[in-house]
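J.: Here are the chains, one letter per residue:
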Amino acid sequence: MQTFDLAADGLRTLNATLHAQAEATNQTVWEVINPKGSHAIAVGLDAPIEVNVKGSTGYYCAGMNKQATVHVHGSAGPGVAENMMSGTVIIEGDASQYAGATGHGGTLVIKGNASSRCGISMKGIDIIVHGNVGHMSAFMAQSGNLVVCGDAGDALGDSIYEARLFVRGSVKSLGADCIEKEMRPEHIAILTDLLERGGCDAKPEEFKRYGSARELYNFKPDNAY
Amino acid sequence: MKDENRSAPRTTPIQSATFSQSINAEIRRAAATGIYDIRGGGAKRKVPHFDDLLFLGASISRYPLEGYREKCDTSVTLGTRYAKNPIQLDIPITIAGMSFGALSGPAKEALGRGATLAGTSTTTGDGGMTPEERGHSNKLVYQYLPSRYGMNPDDLRKADAIEVVVGQGAKPGGGGMLLGQKISDRVAEMRNLPKGIDQRSACRHPDWTGPDDLEIKILELREITGWKVPIYIKVGGARPYFDTTLAVKAGADVVVLDGMQGGTAATQDVFIEHVGQPILACIREAVRALQDLGMHREVQLIVSGGVRTGADVAKCVALGADAVAIGTAALIALGDNDPKWEDEYQKLGTTAGAYDDWHEGKDPAGITTQDPDLMARFDPVEGGRRLNNYLKVMTLEAQTIARACGKSHLHNLEPEDLCALTMEAAAMARIPLAGTDWYPGKNGSF
Chain C
3 MQTFDLAADG
13 LRTLNATLHA
23 QAEATNQTVW
33 EVINPKGSHA
43 IAVGLDAPIE
53 VNVKGSTGYY
63 CAGMNKQATV
73 HVHGSAGPGV
83 AENMMSGTVI
93 IEGDASQYAG
103 ATGHGGTLVI
113 KGNASSRCGI
123 SMKGIDIIVH
133 GNVGHMSAFM
143 AQSGNLVVCG
153 DAGDALGDSI
163 YEARLFVRGS
173 VKSLGADCIE
183 KEMRPEHIAI
193 LTDLLERGGC
203 DAKPEEFKRY
213 GSARELYNFK
223 PDNAY
Chain X
20 MKDENRSAPR
30 TTPIQSATFS
40 QSINAEIRRA
50 AATGIYDIRG
60 GGAKRKVPHF
70 DDLLFLGASI
80 SRYPLEGYRE
90 KCDTSVTLGT
100 RYAKNPIQLD
110 IPITIAGMSF
120 GALSGPAKEA
130 LGRGATLAGT
140 STTTGDGGMT
150 PEERGHSNKL
160 VYQYLPSRYG
170 MNPDDLRKAD
180 AIEVVVGQGA
190 KPGGGGMLLG
200 QKISDRVAEM
210 RNLPKGIDQR
220 SACRHPDWTG
230 PDDLEIKILE
240 LREITGWKVP
250 IYIKVGGARP
260 YFDTTLAVKA
270 GADVVVLDGM
280 QGGTAATQDV
290 FIEHVGQPIL
300 ACIREAVRAL
310 QDLGMHREVQ
320 LIVSGGVRTG
330 ADVAKCVALG
340 ADAVAIGTAA
350 LIALGDNDPK
360 WEDEYQKLGT
370 TAGAYDDWHE
380 GKDPAGITTQ
390 DPDLMARFDP
400 VEGGRRLNNY
410 LKVMTLEAQT
420 IARACGKSHL
430 HNLEPEDLCA
440 LTMEAAAMAR
450 IPLAGTDWYP
460 GKNGSF
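Residue numbers (the working numbering), protein chains in the order written: chain C, 3 to 227; chain X, 20 to 465.
Okay, chain X solo, but in the shape it has when bound (with noise of 0.2 Å):
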């Protein structure tokens, strides 16, 4: 080669958009292991979501409420359908179901003592009720699962409510895996299964196969229990018109709709990030499956997928869901991923607010693990102060954009009260573009 031409002026190296660094790594990653990505959480890719909404705020034509001292109601009332007695809450934000086996049980106590300070509930998870759990939760949740792991109806007396689960948003379709590792003595004996096993979560309930045997369920459910709690149905994110519908028909109090942002305690990667939708794109299809069958407010509707702020909260319902449910972001009010375990998620392989491994059952905070030496790093009382406090937080903030749109109540709030900033987010929430009094699909129009 000639000296002149070494000198020349070279391109820039261009990483490809396409074959990312990070893809890359995954494709040697699988190359090496052969097998795929199992992790939890939910999706991390970036969707359309809350943020691309804004509110307007009162003007000439909105009269405000005084922030600070004019009454913004957060109450909510779910399963005013059927049963006899609904399920009164302070707050319109909920806790998710997450499991026992999955969580300590001392995280679990956490949950509830923070839900019950700030007057909402909590909810159980795959692998049954825990003493713990019901003991420090006012109001609980129990959920009724496909593999039915630790099911039995004593529990199911003592709870508040019944959800039943058809899916959630990080896995529309898919059931779960417990690894062995997360298999203690406890975890194994109220799952009936031999400690250590990987144990698989179905994805399909065992004994109902489709809307009319749900309804059927639904009885069965409601005559064991005296028609005294509400019965709610969990779906993911996946065809939210229809599954609402369905969910309505088969005799729920209360839908509950988990977009692709919720998390899950393990699964494939490839299943959290490519099927299912963003929440954005779900709450106004179940909304107007509810108004088409005129339930609206009367079946509640609970979103969830993604609720980190009193601003989600207060946009979720302006779109006309009566509540939220939090999973991950309560997690993190209880000290998961937290920068001061930085050195031991580094040995880990990973960093704080990257931690997602959390089926290994190593979570250096003490939450997402059984191993007894890493639990007794995690105080439930504090956790449950600092939950309690995350949501007082939210439910303040709600209020304040309450009161700056004139809402005497949350769920005064309405779309009317949005634009969004966002073709995407204007076309999935059906909220005019900043600016225009349009969105893609108003009135027919693309």
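Isolated chain C, as found in the complex (with noise of 0.2 Å):
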């Protein structure tokens, strides 16, 4: 394992170092210590390795990521994961605004609640979140699945498109146009697959579904608010 000093060492060479890593690369596992917040962190990876960052992080940890897995053994600032491609990022903790915002592939897990505005403008991410999430939760999600095991807070799922959204506690109020869908086997098997990857103790049958009614696919004078 490689361990690389944040704090000694800087941002850009450690960005750089991890870019650095081809797709056969034998240093596959490596440590990040002294992270202090600090904002982009191991971003625009696109390397089958294992990036373990020992503290918090500030914004966008793990930004653009594709085949990397990278795990926060803390909590996660805004963006974490923000743009993923494939891969899995993971947070031992919270995360802020806009986890997983505009994700096109790819598993990011949060063991702790993420805040507002989770998994906005997803497209084709899978989002697992122990904890709760925050207002305004999947805005304008186009693709992907958002699994919440806690809580969702307001306008769950706003201008939703095709994304799947699995709650199994509270919603306090749902979005313009995403409605409760019935949660058919194949949901349940799609979702079953999501919570072993999340590793999640909850069961299937605890959730509901939300989607879009596509009641605002084209436009028309009364969708205009």
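The hints are simulated quantities; they were obtained by calculation from the structure and are not laboratory data.
Bear in mind the structure is a predicted one, so any value in this text is a computation, not a measurement.
Glycine is no exception: its CB is placed at the ideal position from the N, C-alpha and C atoms.
Please note that the accuracy of each hint is not assured.
[Claimed, not checked] Quick list of in silico lysine-lysine cross-link-like pairs, DSBU-like style, CA-CA up to 35 Å: (1) C:K68 <-> X:K268; (2) C:K68 <-> X:K247; (3) X:K411 <-> C:K56; (4) X:K63 <-> C:K210; (5) X:K411 <-> X:K177; (6) X:K103 <-> X:K90; (7) X:K214 <-> C:K174; (8) X:K103 <-> C:K68; (9) C:K38 <-> X:K214; (10) C:K56 <-> X:K90; (11) C:K68 <-> X:K214; (12) C:K113 <-> C:K174; (13) C:K38 <-> X:K177; (14) C:K210 <-> C:K68; (15) C:K56 <-> X:K177; (16) C:K56 <-> C:K205; (17) X:K214 <-> C:K183; (18) C:K68 <-> X:K177; (19) X:K103 <-> X:K268; (20) C:K38 <-> X:K268; (21) C:K38 <-> X:K103; (22) C:K56 <-> X:K268.
[Unchecked claim] Facing chain C, a subset of chain X residues (Cβ under 10 Å, in silico): (23) N171; (24) D173; (25) G199; (26) S203; (27) L212; (28) R219; (29) D226; (30) T228; (31) P230; (32) L238; (33) W457; (34) G460.
Relying on the hints, combine the two individually framed chains into one complex.
T.: So, in structure tokens, the structure goes:
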């Protein structure tokens, strides 16, 4: 395992070093110490490596990740795993705003709570939150899955497209065009897989599914508030 | 009524200036449909513009350069502040961001071809980067937009520069809407949305909310791209002094400033015509912000919104810009609104020069459409040739003016080379009214 002291060697060196790891690198496991809430840690990775961040991170940790597994042993600041393409990002603590924003693929697991706008404009990512999510989560969510084992705040799934939302607890309110939908066997199967990947101790049958009523898909005057 | 009253002189029918025929027609259209008018293009109303400025030319106190022989450099380098690889352009005229989706693939290809032939850059748009566009563009600026449609780190790393779009002149503070009739299979796939539905482009970025966040976002983009490429910030002409200041503070290498005449693929007419400032009113404010920060020419300024001729280019540069961007003018050079399609414009209820329903995807010229039959009318090689010709003419025109002012580089043009024809232009551009040494607001006077 390679250990990188962020306080000593700096962000630019860290990301450049991680970017230099080729597909077939044998330096597959990295540990980043002294993150001290720094921004843009392990962004733009594109190799099947594992990066363990020992502490909490600032904005955009693991942004635009491809292939890599980034494991934050602390909490994450805004925009963790934003626009992720593939790979896995795991947050042991809580995540701030915009977690997984616009993510196109991969898996984001948040073992604590996620703040507002979790999964905003998500485009294929799977997000599994062990705790609660804040208001406006899954706003304009296009595709992918958001699993919330706790409660969801106001305006869940506002203006949602084709993303699937699974919530075990309460939903304070649903956003425009977001409705509760029937949980069919294929959804139970999808959710079972997501819960397993997220390491969640929850039963799929305890969840409700939410998605788009598809009433906003074509513009009409009555949709303009 | 008596006969003598019938034959008495009568007043001539007078159309109201307030309730003009076009206003009345819009009221009737609104009453009939219940929906506001959506259209493409930029502001059509007359506003103070570059035509209201003139160059003075050389005289006894200014020595001109020989018009056809003496060198007048047009090159510009963009992104000198932080980027390891600034963009070197042969001419200070760039192609503005226009999306694949709003435009056809061949039209985007033609923009790349023409820009490359002319030695300048072109820009992606909402919807991501297409291989044709990257392949035919020697220098390609990748727009980073609120919707993040088609956004991926591989394309980000292929870009020669990144333009973080905060706003655009046609609709500062507004998002967009690509109507379902233009969502082909390919457009839908690039945007991760079902075919045929209306696709909204958000007005705000999803993962940052203010200049402090933007600074961190730019840090992330630089880390992902190894600090190699310039990062532009594009703003609409709303509050140019403060927006420029904040863009510089956030770490921009280049500020792109788009006035209200700048085009859009589809926005409400009321938005286009009533929000934002003319570009003429924006340039000096942006330059003042850069000068106050000691960053003029260190952070480059690209301006856009109604640039049509080499004279416009020269005026922008004289006011302090480093380069301009063209969008609508480039589409016209490709063949948009060409009178040769007049019969078809008539069938669409419009006429050549006025066609602006780009969002409907029925463009007779085959440029603002995804319809395969219409697209087939447009030849990207010929389109690229025409755009290159147009860019060359604009450059020659700008050089002609610069030489007449005694400048060996376009960037040597300065406000002192100009006068204003109207009080409004004098006030907005802070250029003396012709025949005087005064402009409104000079030395605090009004």
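J.: Hints first: check each against the structure and report whether it holds.
T.: Results of checking the hints against the structure:
1. C:K68 <-> X:K268: holds, 30 Å
2. C:K68 <-> X:K247: holds, 20 Å
3. X:K411 <-> C:K56: With Cα atoms ~57 Å apart, K411 (chain X) and K56 (chain C) exceed 35 Å; violated.
4. X:K63 <-> C:K210: With a Cα-Cα distance of about 51 Å, the restraint between K63 (chain X) and K210 (chain C) is violated, given a limit of 35 Å.
5. X:K411 <-> X:K177: holds, 27 Å
6. X:K103 <-> X:K90: Satisfied, since the Cα-Cα distance of roughly 29 Å is no more than 35 Å.
7. X:K214 <-> C:K174: Holds, at roughly 32 Å.
8. X:K103 <-> C:K68: Measuring from Cα to Cα gives roughly 24 Å; hence the hint holds.
9. C:K38 <-> X:K214: violated, 45 Å
10. C:K56 <-> X:K90: Roughly 60 Å between the alpha carbons, so the hint for K56 (chain C) and K90 (chain X) is violated.
11. C:K68 <-> X:K214: holds, 27 Å
12. C:K113 <-> C:K174: Answer holds: K113 (chain C) to K174 (chain C) is near 21 Å, not above 35 Å.
13. C:K38 <-> X:K177: holds, 32 Å
14. C:K210 <-> C:K68: holds, 30 Å
15. C:K56 <-> X:K177: holds, 32 Å
16. C:K56 <-> C:K205: holds, 31 Å
17. X:K214 <-> C:K183: holds, 22 Å
18. C:K68 <-> X:K177: With a Cα-Cα distance of about 16 Å, the restraint between K68 (chain C) and K177 (chain X) holds, given a limit of 35 Å.
19. X:K103 <-> X:K268: Holds, at roughly 19 Å.
20. C:K38 <-> X:K268: holds, 24 Å
21. C:K38 <-> X:K103: Between K38 (chain C) and K103 (chain X) the Cα gap is close to 28 Å, so the pair holds against 35 Å.
22. C:K56 <-> X:K268: Roughly 31 Å separates the two Cα atoms, so the pair holds.
23. N171: holds, 6 Å
24. D173: Hint on D173 (chain X): holds, closest Cβ of chain C at ~8 Å, below 10 Å.
25. G199: holds, 6 Å
26. S203: Result: violated, 16 Å to nearest chain C Cβ.
27. L212: holds, 6 Å
28. R219: Holds - the Cβ of R219 (chain X) comes within 10 Å of chain C, reaching about 7 Å at its closest.
29. D226: holds, 4 Å
30. T228: holds, 8 Å
31. P230: violated, 14 Å
32. L238: Hint holds; L238 (chain X) Cβ to chain C Cβ min 5 Å, cut 10 Å.
33. W457: violated, 47 Å
34. G460: Violated, because the Cβ-Cβ distance from G460 (chain X) to chain C comes to roughly 40 Å (cut-off 10 Å).
Hints 3, 4, 9, 10, 26, 31, 33 and 34 from the list above are not met by this structure, while the remaining hints are.
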